[in-house]
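Please model the entire structure based on the sequences and the hints provided.
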Amino acid sequence: MKINNKNTKKIDCKDIDTLAKIIIERFPRDHCEKDAYKVLITTILSQRSRDENTEVASKQLFEKYPNVESIANAKPEELYELIKPAGLYREKAERIIIVSKILLEKYDGVVPNKLEELLELPGVGRKTANIVLHVSFDQAALAVDTHVHRISNRLGWVKTKTPEQTEEELKKIMSPQLWGPINGSMVEFGKNICKPISPRCEQCFLTECCDFFKNKYNSKT
DNA sequence: AACTCGGGGCA
DNA sequence: TGCCCAGAGTT
0 MKINNKNTKK IDCKDIDTLA KIIIERFPRD HCEKDAYKVL ITTILSQRSR
50 DENTEVASKQ LFEKYPNVES IANAKPEELY ELIKPAGLYR EKAERIIIVS
100 KILLEKYDGV VPNKLEELLE LPGVGRKTAN IVLHVSFDQA ALAVDTHVHR
150 ISNRLGWVKT KTPEQTEEEL KKIMSPQLWG PINGSMVEFG KNICKPISPR
200 CEQCFLTECC DFFKNKYNSK T
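Numbering that gives the first Met the number 0 applies: residue 0 is where the first sequence begins, and numbers increase by one.
Among the clues, some could well be false.
As the list claims (entries may be wrong) - Straight-line C-alpha distance at most 25 angstroms; calculated SDA-like pairs for lysine to any residue:
| hint | residue 1 | residue 2 |
| --- | --- | --- |
| 1 | LYS20 | PRO198 |
| 2 | LYS126 | HIS30 |
| 3 | LYS160 | ASN191 |
| 4 | LYS13 | GLY108 |
| 5 | LYS13 | ALA139 |
Stated by the list, open to error - So the derived label-pair ranges between C-beta atoms look like this:
| hint | residue 1 | residue 2 | range |
| --- | --- | --- | --- |
| 6 | ARG25 | GLU80 | 36 to 46 angstroms |
| 7 | ASP210 | GLU116 | 31 to 41 angstroms |
| 8 | ILE10 | PRO65 | 38 to 48 angstroms |
| 9 | LYS13 | ASN52 | 31 to 41 angstroms |
| 10 | SER174 | GLU90 | 34 to 44 angstroms |
| 11 | PRO75 | ASN112 | 23 to 33 angstroms |
| 12 | ASN112 | PRO65 | 15 to 25 angstroms |
| 13 | GLU90 | ARG25 | 16 to 26 angstroms |
| 14 | PRO75 | GLN202 | 41 to 51 angstroms |
Worth flagging that the hints you see were computed from the coordinates, not collected in a lab.
Just so you know, even glycine gets a beta-carbon here, dropped at the ideal spot from N, CA and C.
See the structure below:
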């Protein structure tokens, strides 16, 4: 089935907000689960793992250990089989147990809504923390994962080596209201079209604004 | 800055 | 069979 553009007016390739909105509109990502604790644990499980496997793992986990108290009191070995589909299951099991204990001891079992406090939790880095801040606390948090880093560079929005640099530069050129939703949409866009290897440029709606696409036909290397 | 953890999906 | 995935911690 074909996708027809409603309006045929040309895209302004310098208007990054508009381009971002197009991506967000075409690749919406619903976050049905907003409970901060479940989002936090699920996001830790999702690190270096595919969505489908993460979903299975977190479902199995919360079925037997439905809240922060039960996970805090669990032993790592008890969680191995439940979260195994997500991979890296030994580290993740230990980390979510320690995280749960810290939440109970320091935060009365409630997930903090400040970046610095989230970053103190083991297994929580900038990407995981910003996803929680956006999904659960509705903050203007920009989570730069491999998709955001790759696609932002391909489109020529930034020229950066590390995700940290991408986060810094992207914040300068994109409206804060888009920081939250752009991440999830970039993930979907990146999985379906702008893939790491053999991207489907023939299906892409942004080729006229894409440095990567243009260079494919210029470079001889 | 490079290395490592890891099961599952896909080419 | 080889490579990659909503990364983070260690060296």
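Here is how each hint holds up against the structure:
For the proposed pair LYS20 and PRO198, the alpha carbon gap of about 21 angstroms is at most 25 angstroms, so the pair holds. Between the alpha carbons of LYS126 and HIS30 the distance comes to roughly 16 angstroms, so the proposed pair stays at or under 25 angstroms and holds. The suggested pairing of LYS160 with ASN191 holds, with an alpha-carbon distance near 24 angstroms, which does not exceed 25 angstroms. Of the supplied pair hints, the one linking LYS13 and GLY108 is violated, its CA atoms being roughly 45 angstroms apart against a limit of 25 angstroms.
About 22 angstroms separates the Cα atoms of LYS13 and ALA139, which keeps this hinted pair within 25 angstroms; it holds. For the pair ARG25 and GLU80, the beta carbons lie near 38 angstroms from each other, so the given range of 36 to 46 angstroms is met. As the Cβ distance of ASP210 to GLU116 is approximately 38 angstroms, the hint placing it in 31 to 41 angstroms holds. The beta-carbon spacing between ILE10 and PRO65, approximately 47 angstroms, falls within the hinted interval of 38 to 48 angstroms.
The hinted range of 31 to 41 angstroms is satisfied by LYS13 and ASN52, whose Cβ atoms lie roughly 39 angstroms apart. Between SER174 and GLU90 the Cβ separation comes to about 36 angstroms, which falls inside the hinted range of 34 to 44 angstroms. Range check, PRO75 to ASN112: Cβ separation about 28 angstroms, and the 23 to 33 angstroms hint holds. Range check, ASN112 to PRO65: about 22 angstroms between beta-carbon atoms, so the 15 to 25 angstroms window is met.
Taking the beta carbon of each, GLU90 and ARG25 are about 35 angstroms apart, not inside 16 to 26 angstroms as hinted. Range check, PRO75 to GLN202: about 43 angstroms between beta-carbon atoms, so the 41 to 51 angstroms window is met.
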